[in-house]
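*Asks:* Sequence:
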Amino acid sequence: MTKNMTNQPADMAGLYTLSIRLVIGWTYFSAFWRRLILENKLIPDEAGYIGEKFNHFLPNALGIKPIIEYLVTHPDALHTSMVSFTIIEAIVGLFIILGLFTRLMAAGVFALAMGILLGSGWIGTTCLDEWQIGVLGIACGFTLFLTGSGTYSLDHYFKNKGYRFTHKKWFTYLGSGVLPLKNIKRFVLVGSLLIFGLTLYTNQYFHGGVFGTLHNKSVKPKVEISNIKINPSQVKFEVYRTEGVDVYGSFLIGIELLNENGEVIQSMNGVELSKFSKEKIHNHYVAKVKPGKHSLIIPLGAKADLMIDLKDNSSLSGKVSMIKLTDISGAEWIAEIK
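Each residue of the sequence shown is one higher than the last, beginning at 1 in UniProt numbering.
Treat the hints with caution; some may be incorrect.
[What the hints assert, rightly or not] Computed cross-link-like contacts, SDA-like style, restricted to lysine to any residue with a CA-CA straight-line distance of at most 25 Å:
#, residue 1, residue 2
1, K220, Y152
2, K288, N203
3, K311, H294
4, K53, S19
5, K222, K280
6, K41, M12
7, K290, E336
8, K168, A13
9, K169, F145
10, K182, S192
11, K65, N203
12, K290, Y248
13, K41, A13
14, K275, I328
15, K222, A335
16, K217, N283
17, K169, G191
[As the list claims (entries may be wrong)] Label-pair restraints from in silico Cβ distances:
#, residue 1, residue 2, range
18, E272, L104, 52 to 60 Å
19, F187, N160, 42 to 50 Å
20, V83, K338, 17 to 25 Å
21, I67, W33, 55 to 63 Å
22, F211, E272, 26 to 34 Å
23, S192, L18, 54 to 62 Å
24, L104, T126, 29 to 37 Å
25, S226, F187, 43 to 51 Å
26, K338, D45, 30 to 38 Å
27, M12, E224, 52 to 60 Å
28, F211, L189, 20 to 28 Å
29, S84, F196, 26 to 34 Å
The hints are simulated quantities; they were obtained by calculation from the structure and are not laboratory data. It should be emphasised that the depicted structure is a prediction, and the values quoted were computed from it without experimental measurement. By construction, the Cβ of each residue, glycine as well, lies at the ideal position given by its N, Cα and C atoms.
Please model the entire structure based on the sequences and the hints provided.
*Replies:* Below, the structure written as structure tokens:
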């Protein structure tokens, strides 16, 4: 009776978080399930490749942009990372569902959710989707680390069966049981306040959700034009899509070369752009700018050099002062040639 009463608080805390454990576990295990079982999304250069989705995070990621850029410019390293992440998510998710080494897996949940938050917290067309997934994952990971697993878990089963490793001190840090911290109340308070502070900071940074003007970078497409170079026969410039919906590209239906008065000197319409030569597109990342059925498609996070031949080589190059891009949505972007 005394023994049961001693273990009851830890067991009950783990029991109360059972629904969180199951749901958060499936959230991560389902990433593996979707990418390999239901459909293979780990094949480079095929539609749905998860590496291209990862590329979408790049333009406005917080703190980890150099890591993302390195991976999307090194396809082999990116593929290895995507496979590794998928395996880690499968292990973390399954072990959390089973309640096996719960605290260690909760730390994994915390780390994976942090990656989601910093990389894609700015993406979400309706309810700040990825930001919510990230901050809630961090809070759930912290909570599961505190509670461990209760009655319905392998941690509890092995402990009740008297397995020796469950009586080791390390098991209480990596598995379940009473967390052996001297000042648990302070640990909970400090950890909770830090997570709350991170929530407010990222909400403000990504969406202006605490004060000032609200903004959502996933609603309207934005394409940046830079590195313009012109010679008597050709105009070369870089396009980089930094905002807009991640599930489909910006559909470019017009490229115009303008003089200093804003008058059109040369142009390409949607039909011409749908036949844009792939040899005149140099993509920097895994997400590729490419001709589509009715336009030139620029996925979120894609960066590429475009080359346009001038029709009148002898006189046109000296007259071009601006480049204007037009999206099918009506959005326009203009860059001056300096």
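*Asks:* Taking 42 to 50 Å as the stated bounds, is the beta-carbon spacing between F187 and N160 within them?
*Replies:* 27 Å, violated
*Asks:* Hinted pair, alpha-carbon criterion (25 Å max): K220, Y152. Please report holds or violated.
*Replies:* 47 Å, violated
*Asks:* Against the range 55 to 63 Å, how does the distance between the Cβ atoms of I67 and W33 compare: consistent or not?
*Replies:* 26 Å, violated
*Asks:* Holds or violated: K169 and G191, Cα atoms, limit 25 Å.
*Replies:* Holds - the C-alpha atoms of G191 and K169 are around 22 Å apart, at most 25 Å.
*Asks:* Take a quick look at whether K41 and A13 sit within 25 Å of each other, Cα to Cα.
*Replies:* 38 Å, violated
*Asks:* So if I understand the rule, the pair passes when the alpha-carbon distance is 25 Å or less; does K288 with N203 pass?
*Replies:* 30 Å, violated
*Asks:* With a cut-off of 25 Å on the C-alpha distance, tell me whether K222 and K280 pass.
*Replies:* It holds: about 22 Å lies between the C-alpha atoms, which stays within 25 Å.
*Asks:* When you check the alpha-carbon spacing of K217 and N283, does it fall within 25 Å?
*Replies:* OK: K217 and N283 at ~23 Å, within 25 Å.
*Asks:* Take the C-beta atom of L104 and the C-beta atom of T126, compute their distance, and say whether it sits inside 29 to 37 Å.
*Replies:* Roughly 34 Å apart at Cβ, these two residues keep to the hinted range, so it holds.
*Asks:* Given the hinted pair K222 and A335, is their alpha-carbon gap at most 25 Å?
*Replies:* 13 Å, holds
*Asks:* Okay, S226 versus F187 on CB: inside 43 to 51 Å?
*Replies:* 48 Å, holds
*Asks:* If you check the beta carbons of S192 and L18, does the distance land in 54 to 62 Å?
*Replies:* Since S192 and L18 have Cβ atoms about 21 Å apart, the given range 54 to 62 Å is violated.
Going down the numbered hints, you'll see the structure goes against 1, 2, 4, 6, 13, 19, 20, 21, 22 and 23, while the others check out.
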